[in-house]
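Each chain is listed here by its residues.
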Amino acid sequence: MKSLSLKIIGILTVLVSLSACTPVKPWERGHLALPQMALETDAHEAALRIHAFHSKEGSNGGYGGGGGGGGCGCN
Amino acid sequence: MSKTLVNRLSLAALALPGLMQTAQAGRAEETYNADFQYGHYEESGERMKVDIYELSAAAPIGKAFTVSLGLIRDTMSGASPMFNVRDANGQVKQQISGASIADQRDVVNVGLSYAMESVTLGLTGGVSGEDDYLSRYFGTNISWDLSKSTTLSASASYAFDDVFPTGGTFRKSKFNQQYLLGVTQVIDKNSLFQSNMTFGYNQGFLSDPYKSVFVENAVGSPIMADARPGEKFQWAWLTRYVRHFKDLNKAALHADYRFYVDDWGVVSHMAEASWHQPIADEWQIIPRFRYYTQYEADFYSAIFDGATIGQYHSSDYRLAGFGTLGGGVKLSKNFVMSGLVKDIKLQAAFDYFDRKASYQLGGNDSGGFDDYSFYMITASINMKF
Chain A
1 MKSLSLKIIG ILTVLVSLSA CTPVKPWERG HLALPQMALE TDAHEAALRI HAFHSKEGSN
61 GGYGGGGGGG GCGCN
Chain B
1 MSKTLVNRLS LAALALPGLM QTAQAGRAEE TYNADFQYGH YEESGERMKV DIYELSAAAP
61 IGKAFTVSLG LIRDTMSGAS PMFNVRDANG QVKQQISGAS IADQRDVVNV GLSYAMESVT
121 LGLTGGVSGE DDYLSRYFGT NISWDLSKST TLSASASYAF DDVFPTGGTF RKSKFNQQYL
181 LGVTQVIDKN SLFQSNMTFG YNQGFLSDPY KSVFVENAVG SPIMADARPG EKFQWAWLTR
241 YVRHFKDLNK AALHADYRFY VDDWGVVSHM AEASWHQPIA DEWQIIPRFR YYTQYEADFY
301 SAIFDGATIG QYHSSDYRLA GFGTLGGGVK LSKNFVMSGL VKDIKLQAAF DYFDRKASYQ
361 LGGNDSGGFD DYSFYMITAS INMKF
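Same order as they appear, the protein sequences are chains A and B. Going by the numbering used here, the first sequence opens with residue 1, and the numbers climb by one from there. Going by the numbering used here, the second sequence opens with residue 1, and the numbers climb by one from there.
Derived by calculation from the structure, the hints in this document are not laboratory data. Hints may be right or wrong, so weigh each one.
[Unchecked claim] Simulated pairs of lysine to aspartate or glutamate, EDC-like, Cα-Cα distance not exceeding 20 angstroms:
(1) K49(B) <-> D351(B)
(2) K330(B) <-> D298(B)
(3) K49(B) <-> D354(B)
(4) K333(B) <-> E40(A)
(5) K189(B) <-> E40(A)
(6) K333(B) <-> D281(B)
(7) K174(B) <-> E40(A)
(8) K49(B) <-> E45(A)
(9) K56(A) <-> D351(B)
(10) K56(A) <-> E42(B)
(11) K56(A) <-> E43(B)
(12) K63(B) <-> E30(B)
(13) K56(A) <-> E30(B)
(14) K56(A) <-> D103(B)
(15) K345(B) <-> E42(B)
(16) K49(B) <-> D371(B)
(17) K93(B) <-> E45(A)
(18) K56(A) <-> D354(B)
(19) K93(B) <-> E40(A)
(20) K56(A) <-> D51(B)
(21) K330(B) <-> E40(A)
(22) K56(A) <-> D298(B)
(23) K93(B) <-> D305(B)
(24) K384(B) <-> E45(A)
(25) K56(A) <-> D371(B)
(26) K56(A) <-> E272(B)
(27) K333(B) <-> E45(A)
(28) K250(B) <-> E40(A)
(29) K330(B) <-> E45(A)
(30) K342(B) <-> D35(B)
Let's have the full structure, built from the sequences with the hints guiding it.
Structure below.
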């Protein structure tokens with residue numbers, strides 16, 4: 001009986017949490033939903049670093065969103 | 001993701017009419033976001049310094065649309081290598097410009113995304129302007145959830161750039177295209193990976209107007225302008241892996257590897273790893289490490305000889321063979337609130353990198369005349385309303 005109650009509480013918790021959240025990607029569930037598990041935990045900083053490395057190295061690409069906004073990078 | 005978890009989520013979702021769609025749909029922003037980021041980049045030896053200021057905001061419109069706006073201002077100053085010469089002892093050394101370079105870069109970015117049941121579409125665009133450079137660009141992207149554990153993504157981006165060097169008399173253009181194909185796969189409930197390939201094609205004026213080469217035994221002037229082919233094909237393959245460690249206070253390991261090759265002869269490898277360690281009270285400490293190495297372009301040489309110099313020639317240190325080794329640490333603190341502002345995140349990081357010819361994979365005997373180091377500081381505040 002106790003385990004059934006726990007199951008019901010568990011299911012209700014899942015229902016409540018699901019109804020509270022809007023669209024989630026497949027990897028945004030369970031442990032995968034933790035902020036530290038996001039592929040990009042800080043998109044703004046990642047963009048800044050990619051831009052800095054791109055302007056000092058002979059290669060770029062892979063991360064997407066590229067092809068634009070690189071600026072001169074002449075120096 | 002484990003079968004049991006998928007089943008639990010599926011059953012729970014089916015239990016409520018209309019929820020299945022919600023639980024599987026794409027990603028739309030649920031909150032209004034406002035972010036400010038400051039960055040500082042500085043090279044050793046009185047070379048380039050850059051301060052970066054960035055403001056951005058994103059807002060949901062209805063249930064499916066998200067709009068975003070980003071403003072960036074970079075201020076740059078310092079000296080930069082122009083070409084290489086041989087000193088009285090026959091050693092190669094860099095000829096550096098005076099510390100008179102000062103420029104400002106202003107950027108405006110806009111974005112719009114539309115999230116459907118299993119497909120998310122995005123449009124991006126922007127303008128980046130400097131005293132001597134203008135870039136206009138746009139792109140489109142799509143992500144498609146094939147199943148609960150597999151998502152495909154594709155994007156195309158285009159940039160139309162003009163360069164009009166300070167003190168110069170010309171204005172030249174280039175056109176860059178980049179296409180991405182990627183897959184994100186949930187491996188189990190603790191790990192996932194992403195693998196992306198990008199194909200790039202650049203055409204137009206791809207030389208650096210501020211770089212020259214030094215030619216020994218030259219018939220005419222020993223200083224010639226940097227000259228690169230008018231097109232470049234690029235291919236990059238990036239694989240990213242993320243793993244959760246529940247027993248280590250829910251820490252996460254991130255590991256990235258990228259292989260790159262282009263038809264200028266540059267081949268590079270990049271490996272990056274970070275450890276995201278939650279401590280307590282929503283504090284996180286994130287040590288990280290990066291190694292990059294590349295092989296020189298076919299037409300690169302530190303110094304050229306009049307008898308053998310070809311149509312294309314460059315002594316740009318960015319086309320040389322080298323390696324860069326470095327890393328740093330980032331701190332993050334999250335505040336969950338109940339008022340108008342629902343969430344505030346503060347982040348700050350310091351990273352140091354050493355760029356040396358001798359760090360090239362397999363070694364490099366050029367002597368390290370173009371070695372330098374640099375550091376980066378970033379600090380940001382992210383707010384959700």
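We went through each hint and held it up to the structure:
no. : hint                : in the structure
1   : K49(B) <-> D351(B)  : holds, 15 angstroms
2   : K330(B) <-> D298(B) : violated, 38 angstroms
3   : K49(B) <-> D354(B)  : holds, 16 angstroms
4   : K333(B) <-> E40(A)  : holds, 17 angstroms
5   : K189(B) <-> E40(A)  : holds, 18 angstroms
6   : K333(B) <-> D281(B) : holds, 8 angstroms
7   : K174(B) <-> E40(A)  : violated, 30 angstroms
8   : K49(B) <-> E45(A)   : holds, 18 angstroms
9   : K56(A) <-> D351(B)  : holds, 15 angstroms
10  : K56(A) <-> E42(B)   : holds, 12 angstroms
11  : K56(A) <-> E43(B)   : holds, 11 angstroms
12  : K63(B) <-> E30(B)   : holds, 8 angstroms
13  : K56(A) <-> E30(B)   : violated, 37 angstroms
14  : K56(A) <-> D103(B)  : holds, 17 angstroms
15  : K345(B) <-> E42(B)  : violated, 26 angstroms
16  : K49(B) <-> D371(B)  : holds, 17 angstroms
17  : K93(B) <-> E45(A)   : violated, 34 angstroms
18  : K56(A) <-> D354(B)  : holds, 12 angstroms
19  : K93(B) <-> E40(A)   : violated, 40 angstroms
20  : K56(A) <-> D51(B)   : holds, 16 angstroms
21  : K330(B) <-> E40(A)  : holds, 14 angstroms
22  : K56(A) <-> D298(B)  : holds, 18 angstroms
23  : K93(B) <-> D305(B)  : holds, 16 angstroms
24  : K384(B) <-> E45(A)  : holds, 17 angstroms
25  : K56(A) <-> D371(B)  : holds, 12 angstroms
26  : K56(A) <-> E272(B)  : holds, 17 angstroms
27  : K333(B) <-> E45(A)  : holds, 15 angstroms
28  : K250(B) <-> E40(A)  : holds, 17 angstroms
29  : K330(B) <-> E45(A)  : holds, 11 angstroms
30  : K342(B) <-> D35(B)  : holds, 14 angstroms
Hint compliance for this structure: hints 2, 7, 13, 15, 17, 19 are not met, and every other hint is.
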